[in-house]
Amino acid sequence: MTTLGTSMMTLAAEPIWNVGARMWFGDQASTFAPKSDSLFMFIFWVSTFFFLLIVGLMTVFVFKYRRIPGVPQQRSAAHNTPLELSWTFLPMLLLAVMFVWGFRDYMYMHVVPAGAEEIHFKARQWAWQAIYDNGASPTETTVVADMDVPIVPVPAGRPIKVLLDSEDVLHSFWVPDFRVKIDVMPNRYTTTWFEATSEFDSTFMDADGKEVPYKDHYLFCAEYCGDQHSQMAAIIRVMPAGDYEVAKAKLADIWNGPDGPKPLAEVGQILAMQKACFSCHTVDGSVGTGPSWLGIYGETERVRNSDGSMEDVVVDENYIRESIYVPAAKLVEGYPNQMVSYQGQINDRELGAIIAYIKSLNPQAADEAADGAADEAVQEEEAQ
Amino acid sequence: MTTIPADTAGAHGHDDHDAPYYASKGGFFVNVWDWMTTIDHKKIGVMYLFAVMAAFALGGAAAILVRLELFQPAVTVGGDTSGMWPFSTNLGYNKAFTLHGAVMVFLFIIPSIPAALGNFMLPLMLGAKDVAFPRLNLFSWYIYVIGSIFAIVSILLGGVDTGWTFYTPYSVSFDQYGRVIAMTLAVFILGFSSIFTGMNFVVTVHKLRAPGMGWFDMPLFIWAIYATAIIQVLATPVLGITVLLLTIENVFKIGIFNPMYGGDPVLYQHFFWFYSHPAVYIMILPGMGIMSELIAVHARKKIFGYKLVAFSSLGIAAISFIVWGHHMFTAQGELASAIFSGLTFLVAIPSAIKVFNWTATLYKGSIALTTPMVYALIFLFLFSIGGLTGLFLGSLSVDMHLHDTYFVVAHFHYVMMGGTVMAFLGGIHHWWPKMFGKMYNERWALFGAGLVFIGFNMTFFTQFFLGTLGMPRRYATYVDEFTTLHQISTIGSWILAAGMLIHLAVFVTSLFGGKKAPPNPWGGLSLEWEAASPPIEHNFHHEPVVRHGPYDFDDAVPPHTEPGEFPLPAPDGKAKH
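One line per chain: the protein sequences are X and R, in this order. Those letters in the first sequence? Residues 0 to 383, per numbering that gives the first Met the number 0, in order. Those letters in the second sequence? Residues 0 to 576, per numbering that gives the first Met the number 0, in order.
Since the hints were made in silico from the structure, they are not lab data. Be careful, since some hints might not be right.
[Stated by the list, open to error] Reference listing, derived: stretches of chain R covered by chain X, where coverage requires no fewer than 3 residues with Cβ under 8 Å from a Cβ of chain X:
1) 256–265
2) 472–479
[As the list claims (entries may be wrong)] Below, simulated DSS-like cross-link-like pairs (lysine-lysine); rule was C-alpha separation at most 27 Å, straight line:
3) X/K209 x X/K247
4) R/K437 x R/K514
5) X/K247 x X/K261
6) R/K363 x X/K63
7) X/K329 x R/K252
8) X/K261 x X/K249
The C-beta atom is built at its ideal place from N, Cα and C for all residues, glycine as well.
Generate the whole structure from the sequences, applying the supplied hints.
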């Protein structure tokens, strides 16, 4: 009885034209999704009607009035003003309905509700970095389209304002299950918002041993942004608001673990993921858009200076620092001038951690170079 | 039909009044020089036809490679890092789809119908000897060739991976070694070719109509070409300005579109679509014009509501200038989006009118299922889907989801390929006997059309689902969920290609062994059917006089007339056999 009552209520709440929506769409995981889909399905059925009308009439006419040798052709009127006026103006009414309906829901999606929590998404070639209001960024990753992408926890049932900007070229923020899309620009902030629905299909165990329900949704880049455009993804992980708060708080301090400060190299690895270093630099020796970091520290590389001359340099702390802040100054031979400067994006403390991480990828050279670097540091101090 | 006596073949064409326009003028080099310096609109039209066909083959080959790469979710073959081959790297794929888009848009579809069929047919249908400015016509062909050379140079330098839209800042911020400049320069030069052709046609329609031919006695193909020409003349300069600014920014590092120098990337999008949206109608309007010819002649019926169809062409041309912002619903402000969404719905009306009128024309017709007619029916089927799916994209809230997805890819392929290319194929079959004086094999052509129809729908209908389910455009790799739909689409592309190859074979066999074509194989009433097949160099022996409208089948044709035995009111009063 209850089931029947519920399903009847669902039927009553669901407009008739929504029939068939499952054929077209994946999850409706935001409050906006049913609105967008409802108009889609309305237009779908209107279109289906007109398509069947035209193709149906066409088929009937082609069959009925096919040319048969010896059968004289019939005469017919060459125009009919009332008929032509009606198929000019009646569709206009339908189109007006679609326009107003689409505009209304578009405004719903563009006006951020007051008090919405803000999550800043930074787009770079080719990764997303979410920054929460406590300054934290996701540290966990998973594999989408052969690429390690961040898992971004978001709360269910609470409006989230999405603030977006780009470090380099145009990108576009799209979560298909939310039906939300907005372009991301290098010279201005854009905003949108969403409220995820409380639908979960999996659970994970958090640090305190509590089972947390969640559901994952893809975040794709929808505006072409170059080489690895199709791998610029992230996972939006919707979980109950309380668990989200716990997860967010845990991300706040990447420098310290439960047992005190983390090793610098470990922090560097997290930072390298957050800053999208891995979209170009592999750590397994395979060739990417930039040189692989595996064993690069302490090696001698042939580089092209910004004036075009060639030179051999040893990859040491100073070379790494320069390559992060002024990437075009000394390009490793054979690699394009593709990287943007991270000046202002990575501070001194973070830089130290990333250098420590790169060093850790060639432990032998790191040990050997330790003395030399110490000497240099002493010399520099003396010079000052 | 007169044939060329062998002994006069070497004489000057002017002396031989019955020789076909392509009659040999002498030895090989004499003929090459003759074609290269010809100001005959028919020869220029044929040269354009071969050029755009070559471009179509190049763009089509790129499309097949793109689809092949998408057969698997990942970039399939590793090892090669040169980026020249679509299967080995993301970069290779990105270059392949850019090549496909740029070649198809700028080298093929914009010049396809107006420059090839339009050049050949427009003066014939008007009853004129040539276009108004024959030398300008030849000039525009050479500009087209020069522009194409720049495009090919850009490809030979390594190709560009910006997409055919060249969106800033991506197209100006990274090392492209001058290839973007070469490609945009190609677009700039090709634009002039388009402008000159448009100017030529506008003047021709105004000044060179046969005596007795009023504006509403013109075939609807002329109306469509006229509306197209107006857009070409008015919109193309903006494209020229845009790519010029892009090049200036690229070379001199002046901030226009690139935020790195203080420019604005959205400004580029406004500039680009201010041309490229009207350009969509440069692409589709001539196809609509061909549709009217095909339906009228092969159903032997006056186009239902001729004036409404003619004015809807002009209506489309006018509204096309004020809807460009619907390409930027996710980039521009709310007010702009609202205005452009409303205007976009407005442009749906004239297109819908045409579809209704073509359908109504079939009523009580005498419908022959020739290849041109079958292509007209395919056009109605596919263009209806293409047009109606535009409504989803014009609705703001729905477009938030569908923007930049495979739904958009499917939509514009249904309009551009399902519309323009199908009309082009129908038009080529329709006028093939007139252009080359040879009939083609109807049965094989129909078989090819069937394959094209099936292959097209398999390739592109699947992409509507890919779009709504969450597949973005221009993706070299994708998540596993989309594999099945992508594979159906790729297999469809092979069937589509097979259909195209059959058409190619049918045309080649027709050229070398086709049956001789009568002057009027379909029983058309517009003036091109009064010329010989193929036409003589000056088109008509005497200036034709219009005695009936182009579609007066009910009044001008006695019942029981078979095509081929149409009474041809020849200008000199003698009926030709």
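Here's how the hints hold up against the structure:
1. Evaluation of the coverage hint for the segment 256–265 of chain R: fulfilled, as 5 residues show C-beta separations to chain X shorter than 8 Å, against a requirement of three.
2. With a cut-off of 8 Å between beta carbons, the segment 472–479 of chain R has 7 residues touching chain X; three or more are needed, and the interface restraint holds.
3. Pair hint X/K209 plus X/K247 holds up; C-alpha atoms about 16 Å apart against a cutoff of 27 Å.
4. Simply put, R/K437 and R/K514 have alpha-carbon atoms about 6 Å apart, close enough for the 27 Å limit, and the pair holds.
5. A hinted pair counts as satisfied when its Cα atoms are at most 27 Å apart, and X/K247 with X/K261 qualifies at roughly 19 Å.
6. For a cut-off of 27 Å, the pair hint linking R/K363 to X/K63 stands: about 8 Å separates their Cα positions.
7. Between the alpha carbons of X/K329 and R/K252 the distance comes to roughly 22 Å, so the proposed pair stays at or under 27 Å and holds.
8. The straight-line distance between the Cα atoms of X/K261 and X/K249 is roughly 14 Å, inside the 27 Å bound, and the hint therefore holds.
Of the hints listed earlier, there is not a single one the structure fails to meet.
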